[in-house]
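**Q** Just so you know, the sequences run in chain order X and H. Numbered according to the numbering used here, the first sequence spans residues 1 to 200. Numbered according to the numbering used here, the second sequence spans residues 1 to 129.
Treat the hints as calculated values from the structure; they're not laboratory data. Any given hint might turn out to be false.
To give an idea of the interface, some chain H residues facing chain X are shown, with a C-beta separation under 7 Å as derived from the structure [said to hold, decoys possible]:
#1 18
#2 20
#3 43
#4 44
#5 62
#6 64
#7 69
#8 72
#9 85
#10 87
#11 90
Over 12 Å on every C-beta distance to chain X, these chain H residues come out as not near it, computed from the model [claimed, not checked]:
#12 37
#13 97
#14 101
#15 112
So the derived label-pair ranges between C-beta atoms look like this [unchecked claim]:
#16 37(H) with 180(X): 31 to 39 Å
#17 3(X) with 111(H): 44 to 52 Å
#18 40(X) with 123(H): 50 to 58 Å
#19 93(H) with 174(X): 18 to 26 Å
#20 52(H) with 20(X): 15 to 23 Å
#21 38(X) with 106(H): 30 to 38 Å
#22 180(X) with 106(H): 46 to 54 Å
#23 181(X) with 108(H): 27 to 35 Å
Quick reminder that beta carbons are idealized off the backbone N, C-alpha and C, glycines included.
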Amino acid sequence: MSEFVDECRREWHRLGVADPIANEMAADLTADLEEAEAEGGSPEDVLGNSAFDPRRFAAAWATSRGVVGTPTTCCLPHWRKHVVVATIACVGALALLAGLVLVSGRSSRSVGIARQFFAGQFPNRSLRLGMPRMVFPSPSNLPFIRVQIASANVFHPLAWILLIVGMVGIVCFACAVLCWSRWFRSPRLSRRHHESSNAR
Amino acid sequence: MRNKIADGTMRCMGQLEGRRSQLLRGVLDLCLLAVMGDGPAYGYEMTKRLRARGLSIVGEGSIYPVLGRLERDQLVETKRVAGNGGPPRKYYNLSVEGQRALENGVNEWKSARDAVDGALGLGEVEVRP
Chain X
1 MSEFVDECRR
11 EWHRLGVADP
21 IANEMAADLT
31 ADLEEAEAEG
41 GSPEDVLGNS
51 AFDPRRFAAA
61 WATSRGVVGT
71 PTTCCLPHWR
81 KHVVVATIAC
91 VGALALLAGL
101 VLVSGRSSRS
111 VGIARQFFAG
121 QFPNRSLRLG
131 MPRMVFPSPS
141 NLPFIRVQIA
151 SANVFHPLAW
161 ILLIVGMVGI
171 VCFACAVLCW
181 SRWFRSPRLS
191 RRHHESSNAR
Chain H
1 MRNKIADGTM
11 RCMGQLEGRR
21 SQLLRGVLDL
31 CLLAVMGDGP
41 AYGYEMTKRL
51 RARGLSIVGE
61 GSIYPVLGRL
71 ERDQLVETKR
81 VAGNGGPPRK
91 YYNLSVEGQR
101 ALENGVNEWK
111 SARDAVDGAL
121 GLGEVEVRP
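With the sequences and hints as input, model every part of the structure.
**A** And the structure:
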């Protein structure tokens, strides 16, 4: 019982409900639950199905009373949260891809990246990425820019950028997975799970 | 086969329960205002009064959010009264606006109920001997 009230308190705190109001609601709830228990009843007798979802119950009560203040944490609408996480995941995946390009680029012998047009823009320039040099074959007599992967140990700035982007991608991806897993354990969804298991 | 019938029965019961819950949600505020007509009451006391009138299922949620809305809309007046040896309780009582809202709500309920009865053919059943 006290766990239920404690959970409600945490939710009210998160929603920015003023302490005196939260204390008042908690005291009323506690008194009612204790009275029901003393009469041999259960929390469901007082709260209905809300007894299984304290956070939802607390939020509904505070909202209906109009005592919700400024939430202490981000409270984007549910679908926006998913959009944000999906965006982060996509960025992370792209960054990971960039990292993979870096790795595969180092192991491959050469990379062709442009046609004669670009070669004209950058005559006699080549990118050195740290592996032995090899020239890409040029189909139909249109020579490509040669990307030389030199044997030097020093990375090209592009490689550093790709490496950093790849690491950022790993972090973004991990954060996205973490956020998603937390939201899937949110009361709303756990309540749905409870209802579906009840229906079964 | 037996399992399928059992599943269908359970599903049907679930739908009925859901409908009952939705119907109740639409008039729970009226019911609370009505039981407050018996005198000021705190939260759980109102639940017991509802149960005594045959409304044993509080339904999807509970009465507290509804009480909160009634309080915000000033349809009820509240005061904190010290209990007999227990903690002080918050008592809810009908305000003037609440009384008016109850009367309007009862009229709306009657007209809606009559319309639904007519649609379901229940009105004709009553007329028949």
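**Q** Now tell me if each hint is right for this structure.
**A** Each hint tested on the structure:
no. : hint                           : verdict
1   : 18                             : 10 Å, violated
2   : 20                             : 12 Å, violated
3   : 43                             : 5 Å, holds
4   : 44                             : 4 Å, holds
5   : 62                             : 4 Å, holds
6   : 64                             : 5 Å, holds
7   : 69                             : 4 Å, holds
8   : 72                             : 5 Å, holds
9   : 85                             : 12 Å, violated
10  : 87                             : 5 Å, holds
11  : 90                             : 5 Å, holds
12  : 37                             : 21 Å, holds
13  : 97                             : 16 Å, holds
14  : 101                            : 16 Å, holds
15  : 112                            : 23 Å, holds
16  : 37(H) with 180(X): 31 to 39 Å  : 50 Å, violated
17  : 3(X) with 111(H): 44 to 52 Å   : 45 Å, holds
18  : 40(X) with 123(H): 50 to 58 Å  : 43 Å, violated
19  : 93(H) with 174(X): 18 to 26 Å  : 55 Å, violated
20  : 52(H) with 20(X): 15 to 23 Å   : 33 Å, violated
21  : 38(X) with 106(H): 30 to 38 Å  : 34 Å, holds
22  : 180(X) with 106(H): 46 to 54 Å : 48 Å, holds
23  : 181(X) with 108(H): 27 to 35 Å : 46 Å, violated
Hint compliance for this structure: hints 1, 2, 9, 16, 18, 19, 20, 23 are broken, all remaining hints hold.
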